[in-house]
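As you go down the protein sequences, you meet chains A and B in turn.
Add 202 to the 1-based position in the first sequence for the working numbering, that's all there is to it.
Add 476 to the 1-based position in the second sequence for the working numbering, that's all there is to it.
Please note that the accuracy of each hint is not assured.
In silico DSSO-like links for lysine-lysine, alpha-carbon gap of 27 Å or less [claimed, not checked]:
id, chain 1, residue 1, chain 2, residue 2
1, A, Lys354, B, Lys630
2, B, Lys951, A, Lys507
3, A, Lys591, A, Lys602
4, B, Lys948, A, Lys524
5, A, Lys524, B, Lys633
6, B, Lys555, B, Lys593
7, A, Lys430, A, Lys486
8, A, Lys486, A, Lys524
9, A, Lys491, B, Lys951
10, B, Lys948, A, Lys486
11, B, Lys555, B, Lys908
12, B, Lys908, A, Lys210
13, B, Lys948, A, Lys491
14, A, Lys266, A, Lys569
15, B, Lys630, B, Lys793
16, A, Lys507, B, Lys933
17, A, Lys266, B, Lys555
18, B, Lys659, A, Lys524
19, A, Lys430, A, Lys354
20, B, Lys948, B, Lys933
21, B, Lys793, A, Lys622
22, A, Lys486, B, Lys951
23, A, Lys354, A, Lys491
24, A, Lys491, B, Lys633
25, A, Lys354, B, Lys633
26, A, Lys430, A, Lys491
27, A, Lys602, A, Lys622
28, A, Lys569, A, Lys602
29, A, Lys524, A, Lys354
30, A, Lys507, B, Lys948
31, A, Lys524, B, Lys951
32, A, Lys524, B, Lys630
33, A, Lys622, A, Lys591
34, B, Lys593, A, Lys234
35, B, Lys659, B, Lys630
36, A, Lys486, A, Lys354
37, A, Lys569, B, Lys502
38, B, Lys951, B, Lys933
39, B, Lys502, A, Lys591
Derived from the structure by calculation, the hints contain no laboratory data.
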Amino acid sequence: MFLPHTDKERQEMLATIGVNSIEELFAAIPEKYRFPDLNLPSALTEMEAQEVVSDLASWNDNLKEMICFLGAGAYNHYVPAVVDAIIRRGEFLTAYTPYQAEVSQGTLQAIFDYQSLMTALTGMDVSNASHYDGATAVAEAITMANAHFRGKRNRVILSPALHPHYRQTTRTYHANTGIQFIGDDPGADLQAHPNHLADLLDANTALVIVQYPDFFGRIYDYTQLAEKVHQAGALFAVSVNPIALGLLKAPGEFGADIVTGEGQPLGIPLSYGGPYLGIFTTRKEFVRKMAGRLVGETVDNRGQKAYVLTLTAREQHIRREKATSNICTNQGLMALAAAVYLSLVGKHGLRQVAELCYHKAHYAAQKIAAIEGFSLWSNAPFFNEFVVKTPLPPPELNEKLLEYGIVGGYDLGQDYPALKNHLMFAVTEMNSREEIDYLVSTLVEVCHA
Amino acid sequence: MPEPDLCEISVPNRIGFRYPEVDVPKAALPEGLVREILPLPELYEVDVVRRYTRLSQLNHSIDTGYYPLGSCTMKYNPKINEEMARQAGFAAVHPLQPIQSVQGCLALMYDLQEWLKEIGGFAGVTLQPAAGAQGELTGILIIRAYHQDRGDLKRTKILIPDSAHGTNPATSAMSGMTVVEIKSDSRGNVDLDALREHCDDTLAGLMLTNPNTLGLFDENLEEVIRLVHESGGLVYGDGANMNALLGIVRPGDIGIDVLHYNLHKTFSTPHGGGGPGSGPVGVRSHLVDFLPSPIVMITDEGDDETPPIYGFYTPPKTIGRVKSFHGHFGMMVRAYTYMLMHGKEGLRKVSEHAVLNANYLLARLRHVYHVPYDRICMHEFVAEGRWDDAPEIRALDISKRLMDFGFHPPTNYFPLIVHEALMIEPTETESKQTLDAFVDALITIAEEARTNPEILKTAPHRTPVGRVDEVKAAKDLILACGVGVEED
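Given these sequences and hints, build the entire structure.
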């Protein structure tokens, strides 16, 4: 167990303190509230506890046993064995935040690697050490733009094809900061080209936020939109799927000022929604307005290269209410996972996995669209996700697919009333041609048998 | 020798990982959208494993040594937690799977909500916040929404004691609140006169850390809470210091309206070199309608034959989501396993021993290091790292010298109300032998401060790198290296 003291040691310690019992140490607590009788289960041994917890795990349908075509912001990718072997090392796993650089060079240099890999992948100048997830990274992008304009521009244009959770989270964060959100009202034309978001620009616009690939899987060249945003004096932010950047033009190439993203696809297990990884990169001129930890290279007093947390005067523990954000704990271990993943698969592997996703998704889309009653919702280019109109209500269809061992697509009607009876399927390198064919034959069977 | 940069070890055309070949007809790639340069490194598996294994060996960690870090609760992280979170039944589950296929996840979350409610004395708990600071944000947004819902729009002032964590004022500012700092009295409690002065009809709430960051349980806590409530404000509890209170006192019982827990402090989930954390929030009954969505609930009670069915629920006046999906589920599995293994008696023992260890350290050190607020402490205490007869020595030097003895330094320069603060939190998982060795090191350092101050000023001497040049880092701003080799 984890409590070391023997009775004898406990007595010695109490004597050193000068009290007779442990209870005496709690005299400052009002007596009527002291030592409540908690209604909690009694302690289990490790042997018993692991059985209880594993039993709960067994109630779930897990993706080692099921075939998965569900994405919508979290993706079923292969995690190479190296990633977990590294991140479960106690020296990384059980280390504290690297405030004391002399005993934290491992964590610091690993974060420096992460920052380097993220800037290379997104085509930007600087990366922070992570945010909580793709949603809060977007919320923090708005905070940064707001600070950049010193609160003088208070409109933010959200693409309606930005993940619904990200749009909800940004509204929660900015409920009281005077930011006005436009662009994603329920009547927005979801088929419109994103260049139309430029029609909403005005002198009060601080930031325009799009997703790449967008929530529906579509990919657009945002060069023209970025130009118009900049002409209006506003900033342009892009939320990315990092795997897609193995194949697609980096957002830095089309003029993004801020790139955020959900880093989960980079070697992080699905784990029913977290912990994941919030990517945040930007241009050098904004670095002092950026939130979150940052590692810089320097030297030590022995003349060696060394790493240290830098520009900490932006952060809450120094600046308090004037900090760029309240963020403290971030996703350190998940950033390490992404760094190890990208170092391992590297330039060739990331392109390969991105192409696998792309080709398999296109094969699946073509096959599904050919089934009677199904049709592709959009003709725009897409990456590894696509939307189809379904002949049966999506919840009913998904329930039937589950019986066949398939975790089906995402029911878009939950978030978009206009997309009732539309499902979004995701395909990754984990889906073999046989699995895709099985999905197609199962859809035929459950819809037309 | 430090490890070289990634780009220095990258070799063109080296392959690190092979994926299967494409087994479907290839589609045309999207015109004009394909990237030409992907400047990532080209390594192979052995390069990667050795690089990160060697890097790991440059770290101090709980698995390799002791952390007396005040306010951070660096307790041991049980290995079984890691096994439990990694099983396919949890790790390979998609967050948007149909409800009927994730009943195990929901049952675990439901129990965890219930247990945290019971431990804190609350009527509702959300597991969604990603970390303590996000828990704070959630809590303050709930307080704001509560006042707005009552049409009480002028309540935008948050009172924060001068001993508070920096996240408290930063959170309040982020929530659109005005921050007013209030001072502590000579015994380390909230100064009641200062508090009274600010208790008016613009008061939204007080953010209170209790035990406070001096490690002291506020002796006037009931009066503090009464004053805030009487003027129409609410009390936010910073749960960073919950490790002192498990089974000892329930914050909700005393009248704290909303509180965040840190699963990565109190409930043993690993810190991971700075995260991920997990910051569930508990609230009393008048605030449950404002909790972030979704909350796990039982949708069908079941009976002796059939287990209950779990689902999600959106509170009617919810502040909305604070992140994607349902929170850091992997951390919840770890905390759940930890709580199962402790049970109600075990959790009380955790806090009792955390407090015992802190008072033992305090008793052994108070004659060597000045303790400005010297009374029975809770799970931590604050000493001063300075002596009149060693004028050059600062807390920083003591901290750096401790590294030479194999210890991580205490939190220093916090709380701000103590000069040259050394904030020491032993946690319950350290043995008397470790605590004694730590005390011996601190006594030796106190002697050295008088006899050989230079050895402190130039410390550490036995770490992989010496004192680092922070000024140069901030001036040069080298924040990334080129990671790939340039294209031919």
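Hinted pair Lys524 of chain A and Lys630 of chain B, Cα distance within 27 Å | 22 Å, holds
Taken at face value, is the distance from the CA of Lys622 of chain A to the CA of Lys602 of chain A at most 27 Å?
-> Between Lys602 of chain A and Lys622 of chain A the Cα gap is close to 18 Å, so the pair holds against 27 Å.
Satisfaction of hint between Lys933 of chain B and Lys948 of chain B, Cα-Cα up to 27 Å = 19 Å, holds
If you draw a straight line from the CA of Lys266 of chain A to the CA of Lys555 of chain B, is it 27 Å or shorter?
-> Given that 27 Å is the threshold and the Cα spacing comes to 23 Å, the pair holds.
For the pair we were handed, Lys486 of chain A and Lys524 of chain A, check the Cα-Cα distance against 27 Å.
-> 21 Å, holds
Agreement of Lys591 of chain A and Lys602 of chain A with the hint, judged by alpha carbon distance not exceeding 27 Å = With a Cα-Cα distance of about 17 Å, the restraint between Lys591 of chain A and Lys602 of chain A holds, given a limit of 27 Å.
Is the hinted pair Lys555 of chain B and Lys908 of chain B satisfied, with a Cα-Cα distance of at most 27 Å?
-> Since the Cα atoms of Lys555 of chain B and Lys908 of chain B sit roughly 22 Å apart, the hinted pair holds (cutoff 27 Å).
Satisfaction of hint between Lys491 of chain A and Lys354 of chain A, Cα-Cα up to 27 Å = 15 Å, holds
Holds or violated: are the alpha carbons of Lys948 of chain B and Lys524 of chain A at most 27 Å from each other?
-> 24 Å, holds
Is the Cα-Cα distance between Lys908 of chain B and Lys210 of chain A 27 Å or less?
-> 11 Å, holds
Given the proposed pairing of Lys593 of chain B with Lys234 of chain A, does the C-alpha separation stay at or below 27 Å?
-> 19 Å, holds
Measure nothing beyond the straight line between the CA atoms of Lys266 of chain A and Lys569 of chain A; if it is 27 Å or shorter, mark the hint as holding.
-> 24 Å, holds
Hint compliance for this structure: no hint is broken.
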